[in-house]
Amino acid sequence: MPEQRSGISRKSAEAEAEYGNLVRSEYEHGFVTNIASDTLPPGLDESVIETISQRKDEPLWMLDWRLAAYRKWLKMSTPQWAAVHYPPIDYQAISYFSAPKKTELKSLDEVDPVLLETYEKLGIPIEEQKALAGVAVDAVFDSVSVATTFREKLAEAGVIFCAISEAVQQYPELVRRYLGSVVPPTDNFYAGLNSAVFTDGTFVYVPKNTRCPMELSTYFRINEAKTGQFERTLIIAEEGSYVSYLEGCTAPQRDENQLHAAVVELIAMDNAEIKYSTVQNWYPGDEEGRGGIYNFVTKRGDCRGAGSKISWTQVETGSAITWKYPSCILRGDNSVGEFYSVAVTKGRQQADTGTKMIHLGKNTSSTIVSKGISAQHGIQSYRGLVRIAGKAQGARNHTQCDSLLIGDRCAANTFPYIEVKNPTAKMEHEATTSKISDDQLFYCRSRGLSEEDAVSMIVNGFCKEVFNELPMEFAVEAQKLLSISLEGAVG
Amino acid sequence: MNAQALESDRPAKVAASEPDQGPFDAWLPATAPNAEPAWLALARAAATERVHSQGAPTGKSEGWRYTGLRALLEQGFTPVDAQPAALLPEDVDHLLVPGLDSHRIVIVNGRFAPQLSSLAGLPKGLRIGSLRIALAEDPDALTDDLTRVAGDGAHVLAASNTAGMDDGMVLLAAPGALVEKPVELLHISVGMDEPRVAQPRHLVKLGDGAQVTLIERWASLGDALYCNNAVLEIGLGRDAVLAHRRVQLESPSAFHISGVYLGQGAGSRYNGINIGLGGRWSRTDLVMRFAGEHAECDLGGLYLAGDGQLVDYHLDVRHGLPHCTSRESFKGIIHGRGKAVFDGLVYVAKDAQQTDAAMSNRNLLLSQSAEVDTKPQLEIYADDVKCSHGTTVGQIEPEMLFYLRSRGIREGLARRMLCLGFAGEIIDALGNDALAAHVTEVVGARLEAAPL
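Chain order of the listed sequences is A and B. Per the working numbering, residue 1 is the first one in the first sequence, and the count goes up by one each step. Per the working numbering, residue 1 is the first one in the second sequence, and the count goes up by one each step.
Treat the hints with caution; some may be incorrect.
What follows is a list of derived Cβ distance ranges for each label pair [to be verified]:
hint : chain 1 : residue 1 : chain 2 : residue 2 : range
1    : B       : 125       : A       : 400       : 45 to 51 Å
2    : A       : 184       : B       : 60        : 19 to 25 Å
3    : B       : 60        : A       : 176       : 52 to 58 Å
4    : B       : 421       : A       : 439       : 35 to 41 Å
Hints are computed from structural coordinates only; laboratory data are not their basis. Just so it is clear, CB atoms sit at the ideal spot from N, CA and C, and this is done for glycine as well.
When you get a sec, could you build the whole thing from the sequences and use the hints?
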């Protein structure tokens, strides 16, 4: 398609000219990579889904699954209950497929140098990755995975870590068995859309009694103007296994709202443990709230086996709008669910986030620690559900949500839903909202710290409980991110 | 979110297809009362229109998420049209609280019953009487007060009360009036030939600096099926103090809906304790608004939900002005197949700096099939505030029961002791020995007999 390609690169050049000078220093990762890409025209109907499926060489069952999801999605409506406000999204104005043009790579040397440069700007030099800290990176650039490292080492342990499109080809029986079993296509509007049009994402399978030898990590990157990203992540931990997965995201600055509707499904069998960590710093829009990513994500973990454990840790500093509730279904007896979250909203950012802990099995326990920081005109809501079913004998939940307000034009809301149907359950919920106290500030300042450093220190202390749950490299990045995010928000 | 919540109280689809019949239309009297002042007729017409067009909230409406209305709608209530044979004081003697000395106004099936009331010797500055009589005597005296506090924020059932209001209590305290003896507002419901709904409407207005204690009680003769849908509007002047005690002990088959709508002037103090024990299905809305700075609002509550009972408390406390304080502390004990719902919202508006609010909701589940759904919410748009909420759900520690049983105390009594220990904080806050003893007795007896 030479014609289309030249059209696209012309568009990219225009975008570069138009937005290049808009790039502000506040957003470190704001740049548009100028590489040719293969993009479908905007719009969504069955033929678009067929094309996506065709481009990915998918088997027929996958196409049928997508089409079934699409038909159900048509009958669904967007959720309205979240405390976020945005103009209605035109789902026909979005392009549902975008792939960097070179997709068959034998080694890293073949990766487009422009791409590699992008990663370097983001601080993940792929060349160094092999030597570095044993982190394998499945870098997703727009919708297609272009480079995967450390595959051999993982393969030795029997761990499958690949793009989900690859898994559909190579491990169809696994994908077929588990895909949509935690988040069915009918779950909600965005999950339905994702099921119909997802183009890429990550697939992880950890076999029985295996401890994954390294932390798995994916950097997601939204690049091409007007492409929504619809990743689909599926992680399966078999009996007695352990895996830790890191997800980090950045996006270039642009003046167009971008939709991001990902679905993440985690499945933990008997005594398996999955640790899922996210650092999200997508473009939040400018001071007036223009641009920025709409982040409507469905994340859910299913503790299917007895004694299994799923732990979500998230640091959310980016996106114009976040709508995200990483949840745990505690089905197996003695299973454990955890949710640790730090969310920052400033400028005109809006975040409606929280978790759901559904206790079904006996002696299940869950912990929720949510720290919200709201500055400038940011609006932040914690929305969580703890449900203890009648048969969940001895279930235990502890919830703590704290909000910190910086400035008198921001908002912090707490909407917990607690449903208990078993008398042996023990459930505690506490929430506080306050500002940084003048005494704390005075104490720090009297010891010679600048106001900004003092605030940064206090805020980092406020979030420490959550940062402690992050893997080492991530914790450092998260702290840095938090300090950068709050620059200029204080005073 | 409050505006949204109210928005969402409206059903997704307005029943435009059948304009002739809304689910609560039958609750309204067939003919409007004649010779009514124009302002009241207007308010009534607007409310009637709302009841008619809005219909019943569904499970999808946020404010009714856990409170099904089906049971209520199935009964086919119609308004009380005729009064039962006049009760004599000795008929209701057993409903009085022993040792409680009060100025008493009695409402029977929504209508003022002068022969049961004892309103002689009211202190200077205090006026208590029937709404119906007050409106007849001076039609325009209440223009600025009635239907002012319970405005648009109220749900459809409060609108139904406005549309169908017939009688109730008016309590007016002049500025500076200090009333020592508590005022008792006693509702007595008597079963009728068919299920009837009474919609009493009360107005309490305290002038600047006035201090009053109001004990509001709900009782019934026998275990009849009926419905009370009450609205109480309270306006507190500057530095006024109202202690409000509410004891709901409706008949086991009754439906109870009540709304307290409070407007507080600067520096005023409201202290309300809600005891919810009776009724098969009950819903209480406490809606608090501050109209002046440095006001304090203290809400306490104790609810018991037993077999087949649903008890629902909704709190909506809005801090719209700086320097106000509110405390919300509710405790619940649920046994049998009881279900309790607690939904508390503290809203702090943009400029309400120096707000201090703390909400807590603690629940004890005594049986396998008991259920509690609790939703304490904070919505905060100001930064210099101190707000918190806490919720717990648990059971009686088996070790505690064992300890008492090992000392020869039988299980029912041990349970009673432990639960009263849990509930004691709220009962003690009633601040009236006779009333506290009465509530302790009723709660204790219920718990001791509670089938698990």
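Quick check: which numbered hints come out false for this structure? Those not satisfied come down to hint 3.
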